[in-house]
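Chemist: Chain residues, written in single-letter form:
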Amino acid sequence: MSYQFDFASVLEYWPMFLQGVKTTLVMSFWSTLAGFIMGVLCAIARSSGGPWLRKSVGAYVEIIRNTPLIIQSYFLIFGLSSVGLTMPILVGAILALVINITAYTCEIVRAGIESVPRSQREAGECLGLSPLQVYWHVILVPALERVYPALTSQFILLMLVTSVLSAVGTEDLFGISGNIQALTFRNFEVFLVLWVVYLAMSFLVRAAFTLAGKVMFVRKRRLGTLL
Amino acid sequence: MNSDQINYLLQGAYGTLLLSVLTFVFASMLGLVIALMRVSDNTLVRQTAFGYINIIQGTPLLVLMGVCFYGPSILGYSSVPALFAAVLALTVQSSAFLGEIWRGCIESVPQNQWEAAECLGLNRVQRMFKVILPQALRIATPPTVGFMVQIVKNTSFASLVIGFAELSYNAKILNNATFKPFLYFGVAAVLYFIICYPLSWMSLRLERKLTLARS
Chain E
1 MSYQFDFASV LEYWPMFLQG VKTTLVMSFW STLAGFIMGV LCAIARSSGG PWLRKSVGAY
61 VEIIRNTPLI IQSYFLIFGL SSVGLTMPIL VGAILALVIN ITAYTCEIVR AGIESVPRSQ
121 REAGECLGLS PLQVYWHVIL VPALERVYPA LTSQFILLML VTSVLSAVGT EDLFGISGNI
181 QALTFRNFEV FLVLWVVYLA MSFLVRAAFT LAGKVMFVRK RRLGTLL
Chain V
1 MNSDQINYLL QGAYGTLLLS VLTFVFASML GLVIALMRVS DNTLVRQTAF GYINIIQGTP
61 LLVLMGVCFY GPSILGYSSV PALFAAVLAL TVQSSAFLGE IWRGCIESVP QNQWEAAECL
121 GLNRVQRMFK VILPQALRIA TPPTVGFMVQ IVKNTSFASL VIGFAELSYN AKILNNATFK
181 PFLYFGVAAV LYFIICYPLS WMSLRLERKL TLARS
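Those protein sequence lines, which keep their order, are chains E and V.
This note's numbering numbers the first residue of the first sequence as 1 and each following residue consecutively.
This note's numbering numbers the first residue of the second sequence as 1 and each following residue consecutively.
Honestly, the hints are just simulated from the structure, not real lab data.
Here the structure is a predicted model, which means the values were calculated and not measured.
All C-beta atoms in this analysis are idealised placements derived from N, C-alpha and C, irrespective of residue type, glycine included.
Watch out, some of these pointers could steer you wrong.
[What the hints assert, rightly or not] Sample of chain E residues at the chain V side, in silico, Cβ under 7 Å:
1) SER48
2) TRP52
3) THR67
4) PHE75
The whole structure should be built from the sequences, with the hints applied where relevant.
Modeler: Spelled out as structure tokens, the structure:
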């Protein structure tokens, strides 16, 4: 093997990598937050809305889940700019990610809502809880508790696919690494560094989600089990 | 949009299908090995597969594409064909996911099937291939068909680092030449949908059938 590795000239650009990590985390954070809220709303609409609402949310979910993110973001970002609607690239990228992740979150949360047995709801009603209280305490929160691991995986996948948005020009970790490749011509080393950084990020984010789950779901923590 | 452009997009769709099929074939072979390693008796083998799955699932596909595209150059190959690099990266990624899906299916075959096979005097390999895997296959079909959708969508990543001429790459080229994004990306989205939706639909149907059969 005659190849000489040269990590030093790549790691010299660590402030750029750090900047990229920051952008990736910002993009992931806002799209996770907005995608979670919108996804839960869509799941509620899909499981207990009127027939039209249900059908349109269903169509949205199917369209998003059966087309790749790259095409969605090209369509949205290049499309909007072709009709004169321009926005900062970061905003456009987050918008594309939110539209994408909302559909996946909706499906996961809906599965959780549908897994709550009818008898639970009836028991809640018998205890004299108002419909809103039943929906919140008996259906929604336990459903989220149950699908939390699946949501965590989905949001980590989301963080990893933010790299795709570099194709429309975001300077996230992956996008900025393109500049470093152009500066150093050390493509393979750059990709190896990226690999390690993304891996570390996904482990840390997973740990953060696990910790947040322990804080949020009080009942699960006290009982030590899923209900 | 003239017929040349439609042809060009259809050629892209052919590239997408080619990548998907090759990836599925190779990823199922590697995925089966990973799944069997995950349920192995040997702790070291099990841990290796576990590590592989965790590392691959924590890596963006684009980074894998880059490593598979530029990696062979350190072994002395000046450049590798785009198709090879794309299939390699997709195979590595999909095998980690398929391995984990199939492990779940193998483990969901009831424990007494293992015991019964053992009582019949079958050895471990016979037990796995004659008793457990045929039953796991039935459970595994719906999620596997569902994962094919994921593979088809993931092939679009090959347009970025590697520049393999598949559907989203060709749509991008057409858009760069004419700047009608809604038209070309809209048509590309429809083509992807035509490939993916039947698979999603089939996966859901198979799953419902299986749930009915088991309840």
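Chemist: Could you run down the list of hints and mark each one as holding or not?
Modeler: Here is how each hint holds up against the structure:
no. : hint  : verdict
1   : SER48 : violated, 21 Å
2   : TRP52 : violated, 21 Å
3   : THR67 : holds, 5 Å
4   : PHE75 : holds, 4 Å
When the structure is compared with the earlier hints, violations turn up for hints 1 and 2 and for no others.
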